[in-house]
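Engineer: Mind docking chain U on chain W? Use the hints.
Listed below, chain by chain, are the residues.
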Amino acid sequence: MKGAPVVLGIASFAVILVIWETVVRLSWVNPFFVSQPSAIAASLSRAARSGELGHNFAVSFREFVIGYGLSVVVGILAGAFAARFRTVEYALDPFLWFLYSAPLIAFYPIFVLWFGLGVPTVIAMSFLLSVTQIATSTLKGIQSVNPGLLRAARSFGATERDLLWKVILPASVPMMIAGLRLGIGRALMGVVVGELFGATAGLGYSISYYGALLKTTDMIASLVVIVVLGVLCTEGLSAVENRFDSWRTL
Amino acid sequence: MLNYRMFVSILTMMAFLGAWELAPRIGVLDVTYTSQPSRVVAAGLEIIRTAGFLRDVSVSLSEFTIGFALAIAIGVPLGLLLGRFPLLRYLLDPPIMAIYATPHLALLPIIVVWLGIGMQSKIAVVFVGGVVPILVNAMAGVRGVEHSWIVAARSFCARERDVFARVILPASLPSVILGIRLGLSRAVLGVVVAEMYQSQAGMGNEIMRYGSEFRTDYLLFDVLLVSLFGLTATSVVRRLEEKLWTAGE
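Protein chains in written order, with our numbering: chain W, 1 to 250; chain U, 1 to 249.
These are computed hints drawn from the structure, not numbers from a lab. A few of these clues could be false.
Stated by the list, open to error - Pulled from the structure, derived: some chain W residues nowhere near chain U, Cβ distances all over 12 Å:
| id | residue |
| --- | --- |
| 1 | LEU149 |
| 2 | SER155 |
| 3 | GLY190 |
As the list claims (entries may be wrong) - Part of the chain U face toward chain W, derived, beta carbon under 10 Å:
| id | residue |
| --- | --- |
| 4 | ALA101 |
| 5 | VAL113 |
| 6 | LEU169 |
| 7 | SER212 |
| 8 | SER227 |
| 9 | LEU231 |
For glycine and all other residues, C-beta sits at the position ideal for the given N, C-alpha and C.
If we strip away everything but chain W, and leave its shape as in the complex, we get:
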């Protein structure tokens, strides 16, 4: 029974692909609008052979890694400082709140003014979209550490450093990683949208490019790559999350 969800999940993707292919083959639906799985697979393998796919993927992935990497460093540091010093938390609060709920992509034209079209703007958007998520999760994770544990450790003579490494970090890591996982989605969104608007390479750029040429098949092919990338990254961190969380149940 445990394998049933997996089998049904794979079956559901297979059914979707078959229906999609069939309705187009039977010309119930115009392939101009929806393309078809076989054509998309062909487009993907052609793009892979010509090196176009590899290039676009490399550009997007690099932007993602830099933007998200910056977010991780800045977000965790800011979150940790805010958790340690109350004044820092209160000072950061309005800014985090604003960044969290503002439609940050609307700042895109200003970023273009500041950084120019292309890679730096995309990195900036990806950073800005994901950093708040990581900072707030780190802050909440550290704040949620059971004060009883801290008191117990202190009364046994733990120093500040012991507290950090042996109590605070292990207890707050699961929530931090949950924040990192949510941050991935937002960082990826920043990369894709940044590239949709103004870039010269990347997966988002190629969607926008083929969209303008009305080449649906090639557009959906790039979209598929983005979906796969998003799923892989999220699943990867979910696995890490489960590992770090497993000690709690022991």
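Structural biologist: Just chain U now, with coordinates in the frame of chain W:
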């Protein structure tokens, strides 16, 4: 302690605004790139008086309202159904999760090809952005309902319909509202970005236009206005959510 919190928050905000106002005046920053609070306010007063402003606001608002209403109308019932029937969930969960993990705005170009550059494509983007978190959380809400309550209701001869309407629905309501709140910010983002991408009217259209004219002050006013809308809507839903959580205890 609340006072200290407010004091520090307000102080840093004032410091930020002050630095932003002063830096261009003493020549540290170029006002073309960063604008200034005073200029943003002045720009706002001008924008409000322009003829196109009200039209843009109403276009964006109606796109948002229609799209988000559709997302709620479809996402909540579908999520509740998926939560109730495991077989259906196993079948539909993987595609839904794949969409959830994807940056939904990547769908923008294809939605434009399907629905054109008018209001329909924006409504669709708002819908796609809003519906997934609503659906996922409604589903999680139903699954999180204490099983013993259902058993208890059944043992008092509640019919399947009663169980759903009187136990499952109220118990999963907080989670449904959480989904609506999460969907809300994605929906607001969806309207603006879709209009920035391809459109003839709306706040996103204005933002893009001011951006290409290098009118940073005008642009910032519009961005702030949209942010304020998102902030207000989110906190209204959050209030509702807190009320429901405490009502349940």
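Engineer: Does the claim that GLY190(W) lies off the interface hold, with its Cβ farther than 12 Å from every Cβ of chain U?
Structural biologist: The claim breaks: GLY190(W) does not keep its Cβ more than 12 Å from every Cβ of chain U (closest is about 8 Å).
Engineer: Any Cβ of chain U at or closer than 12 Å to LEU149(W), or is the non-interface label fine?
Structural biologist: holds (23 Å)
Engineer: Does the CB of LEU231(U) sit less than 10 Å away from some CB of chain W?
Structural biologist: Where the cut-off is 10 Å and the nearest Cβ of chain W is about 5 Å from LEU231(U), the hint holds.
Engineer: Regarding the hint that LEU169(U) lies at the interface with chain W, is the smallest CB-CB distance below 10 Å?
Structural biologist: Where the cut-off is 10 Å and the nearest Cβ of chain W is about 25 Å from LEU169(U), the hint is violated.
Engineer: Double-check VAL113(U) for me: the hint is only fine if its C-beta lies closer than 10 Å to a C-beta in chain W.
Structural biologist: Holds: closest Cβ of chain W sits about 6 Å from VAL113(U), inside 10 Å.
Engineer: Next item in the hint list is ALA101(U). Is there a CB on chain W closer than 10 Å to its CB?
Structural biologist: This interface hint holds because 4 Å falls under the 10 Å limit.
Engineer: Have a go at the SER212(U) hint: is there a Cβ in chain W nearer than 10 Å to its own Cβ?
Structural biologist: It holds, given that the least Cβ distance between SER212(U) and chain W is near 7 Å, below 10 Å.
Engineer: Taking the closest Cβ pair, is SER227(U) under 10 Å from chain W?
Structural biologist: Result: holds, 4 Å to nearest chain W Cβ.
Engineer: Against chain U, does SER155(W) keep a CB gap of more than 12 Å to every residue?
Structural biologist: holds (25 Å)
Hints 3 and 6 from the list above are not met by this structure, while the remaining hints are.
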